[in-house]
Each structure stands twice: as C-alpha cells, then as structure tokens.
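Based on these hints, arrange chain U on the given structure of chain Y.
Protein sequences appear in the order of chains Y and U. Position 62 (the first sequence) corresponds to 62 in the numbering used here; numbering is contiguous. Position 53 (the second sequence) corresponds to 53 in the numbering used here; numbering is contiguous.
None of these hints come from the bench; they were simulated from the model. All figures in this text were calculated on a predicted structure; none of them were measured in a lab. Mixed in with the good hints there might be a few duds.
Computed beta-carbon distance windows for the label pairs [said to hold, decoys possible]:
(1) P113/U to R98/Y: 45 to 51 angstroms
(2) M83/U to M19/Y: 17 to 23 angstroms
(3) I60/U to T5/Y: 21 to 27 angstroms
(4) K68/U to G16/Y: 46 to 52 angstroms
Negatives, chain Y to chain U, calculated, CB over 12 angstroms [as the list claims (entries may be wrong)]:
(5) K14
(6) D26
(7) S33
(8) N62
(9) T70
(10) P75
(11) A82
(12) A92
Going by beta-carbon spacing under 7 angstroms, a handful of chain Y positions derived as facing chain U [unchecked claim]:
(13) G42
(14) L43
(15) G107
For every residue, glycine included, the Cβ atom is placed at its ideal position computed from N, Cα and C.
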Amino acid sequence: NAGVTQTPKFQVLKTGQSMTLQCAQDMNHEYMSWYRQDPGMGLRLIHYSVGAGITDQGEVPNGYNVSRSTTEDFPLRLLSAAPSQTSVYFCASRPEPRIRTTEAFFGQGTRLTVV
Amino acid sequence: AQSVTQLGSHVSVSEGALVLLRCNYSSSVPPYLFWYVQYPNQGLQLLLKYTSAATLVKGINGFEAEFKKSETSFHLTKPSAHMSDAAEYFCAVSGMNTDKLIFGTGTRLQVFP
Numbered sequence: 001n002a003g004v005t006q007t008p009k010f011q012v013l014k015t016g017q018s019m020t021l022q023c024a025q026d027m028n029h030e031y032m033s034w035y036r037q038d039p040g041m042g043l044r045l046i047h048y049s050v051g052a053g054i055t056d057q058g059e060v061p062n063g064y065n066v067s068r069s070t071t072e073d074f075p076l077r078l079l080s081a082a083p084s085q086t087s088v089y090f091c092a093s094r095p096e097p098r099i100r101t102t103e104a105f106f107g108q109g110t111r112l113t114v115v
Numbered sequence: 001a002q003s004v005t006q007l008g009s010h011v012s013v014s015e016g017a018l019v020l021l022r023c024n025y026s027s028s029v030p031p032y033l034f035w036y037v038q039y040p041n042q043g044l045q046l047l048l049k050y051t052s053a054a055t056l057v058k059g060i061n062g063f064e065a066e067f068k069k070s071e072t073s074f075h076l077t078k079p080s081a082h083m084s085d086a087a088e089y090f091c092a093v094s095g096m097n098t099d100k101l102i103f104g105t106g107t108r109l110q111v112f113p
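Just chain U, same shape as in the assembly:
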C-alpha cells in the first residue's frame, strides 16, 4: 500500500528564511509524488510533481523538491519565504491501482514579517 507522512502540522518561518516542508513516502512500487498548495478558502493547486524523469523537481512560485529514494523522502523547499507563501501544503502519492491520489495530513506554513 502507498502512504505519505508529513512531519510537522505547522511550520513558522520569517520572511526571507528558508522554507523546508517534510514528506516521507511508503510505496511498494515506484512512487509518483505530488505537492499541492491550498490558499485560504480555496481549492488545491499543483505545485510540482515527481514522475521519475529527474530527482530535483522545480515547481511554481520558486518551490522545488528533491526525490531521495534512500531516505524515502520528497521534501519541499524554497530558499526565501514570502508572505504570500502562507498556506497549507499537501504531499500526495499516486496509488498503485492508478486511480487514487493518497494525501498526507498537510502542513500549515506561517510566514512572519
């Protein structure tokens, strides 16, 4: 079975600081992984996805994530946080049966001035 674990339900950073949101996966087949962002009172939108073409994946708004098989991780980073990055972030893995996206519990990012 596939699953993802997001460590830290809340992360707070200062504006300009590094953002690091953690995601570890469990999968019995090669995983395909996604990061989504949810701004207040909105739906989820795709930030980036890993599809095995490259281990370092660049997404929108300056975010990137690195797939590390040895650590079963797919952490999301951004070198310099902006106030507009405040949102909830979800890691997801594509299920083995192809028809499901399995989500983590989410990490709420707060950015302080």
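With the rest of the complex left out, here is chain Y:
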C-alpha cells in the first residue's frame, strides 16, 4: 500500500532556482492538497484540488503553482525559490471532498532548504 508518495525527501535550493515537488497517490482520491509546516505555525494550506483539472488557492499560495492533470498526481512548483520558503512540505489526499467527515492521508514530507 503506497498511499501518498512524495519526492524528493530532502532538497537544497539556491535563491532564485525553481523546482517541482512531486506528489502521487494510488487511492483514487478526488481531493489533494499541499501544506507547509513551520515551527509554531502548524500546517498551512498552500493549494488544493478537488479533482483533475480543478485547483484553488489556500492560505499561503504566493510563490507556488500547482496543476492537476490526472487524479493521481499533484505537483507543487516553486517558481523562484526564496529563503522564506524553507519549510517542510506535506502532500495530502482525501477520498470525498464533499463529505466533511473524511480524514486526510499524508505523505512523508519534503524538507526544503533555500540558501
């Protein structure tokens, strides 16, 4: 059972570089999302998607882009990395976005450092 898979696990970027964090799920979940985790701030929602072809902004979307061309994949793109984007990034999926009782399933996280 793979669940939600994130790659890479660790990444160091220089300021101004771009990169894509990969997220894939094999549970046929409609809803996928990206969070960032920073000390003392919990998890903050960056972007989310309720199905293929549909994306929307969360709480902290600036500096990030997403796309959802398939149900399985939801990559997060950093266009021009900044030190403020140093964080741990989590991808999560939920089976039924219209049912509020469904829990999210999380990947193992990507630890990103921007120098």
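Showing chain U alone in chain Y's frame:
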C-alpha cells in the same frame, strides 16, 4: 469561519502519567474534528476523529478524546503515557466549505522515564 486552538506548544509528562492535550474549536456549523500524530521525520497519521456519532471517541494507541459542545473542546487524553508516545500532535477541524482541513499549531509531547 472554523478554527482550532491548541493550548500549550509543549507538554512534558513522566512515563505512566496521564496525557492531556488541549484543543478548543470555533465553528459556525457543526464541527467535525480530528487528532493527528506526527512522529519525528514522518508524515501525519490519524489518531481519531469526531463525526457526531458519539461524544467519546476512541483512537489508536490507547488515545481517546471527548467532544464537549458546552466547552467547545475536544481534548485528547491517554491514561498512561509511554515513551513511544513522544511526538507532535495536531488538532484539526473540517472546514465549512468541505474541502479544507484547518490545523492547530500543534503540541509537542515529551515523555520522561
């Protein structure tokens, strides 16, 4: 709007002692609440969830939480802490628009021998 507040960013207990992690919620609609645990260098996994079927919810690893509407609380408890319980715990509420989980800031639990 929905939100959750976790009181205490750090909680320390001795092995065998009661664990109490606090979560208060704010919601304009009936809340659906979750507790997640994050072990070091890992993702979050579900401990338990409240979906209005029962106010006392039992989860994995001996944890339970009680939904108290009058106190707008959903505190997490475990009668006897184990060293393996050391982790960060997050309370979350399901957003009114159904498509968001809104997390608290987390509580780091330390367990001393």
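Now for the hints, and whether the structure bears them out:
A beta carbon spacing of about 47 angstroms between P113/U and R98/Y agrees with the range 45 to 51 angstroms that was offered as a hint. Here the CB-CB span from M83/U to M19/Y is close to 38 angstroms, at odds with the stated 17 to 23 angstroms. Between I60/U and T5/Y the Cβ separation comes to about 22 angstroms, which falls inside the hinted range of 21 to 27 angstroms. Taking 46 to 52 angstroms as the suggested C-beta distance range, the pair K68/U and G16/Y conforms, at roughly 50 angstroms.
Non-interface status of K14/Y relative to chain U is upheld: no Cβ of that chain comes within 12 angstroms, the nearest being about 24 angstroms off. For D26/Y, the non-interface assignment is confirmed: its Cβ lies about 15 angstroms from the closest Cβ of chain U, beyond the 12 angstroms cut-off. Against the 12 angstroms criterion, S33/Y falls within the reach of chain U, whose nearest CB is about 8 angstroms from its own CB. The beta carbon of N62/Y sits about 18 angstroms from the closest Cβ of chain U, which is more than 12 angstroms, so the claim that it is off the interface holds.
No Cβ of chain U comes within 12 angstroms of the Cβ of T70/Y; the nearest lies about 19 angstroms off, and the non-interface call holds. The Cβ of P75/Y sits about 17 angstroms from the closest Cβ of chain U, beyond the 12 angstroms cut-off, so the non-interface label holds. Non-interface status of A82/Y relative to chain U is upheld: no Cβ of that chain comes within 12 angstroms, the nearest being about 23 angstroms off. Listed as outside the interface, A92/Y is inconsistent with that label: its C-beta sits roughly 8 angstroms from the nearest C-beta of chain U, within the 12 angstroms cut-off.
The interface hint given for G42/Y is met, as the beta carbon of that residue sits about 4 angstroms from the closest beta carbon of chain U, less than 7 angstroms. Given the 7 angstroms rule on beta carbons, the hint for L43/Y holds: about 4 angstroms separates it from the nearest Cβ of chain U. At its closest, the beta carbon of G107/Y sits 5 angstroms from a beta carbon of chain U; the interface hint therefore holds under the 7 angstroms criterion.
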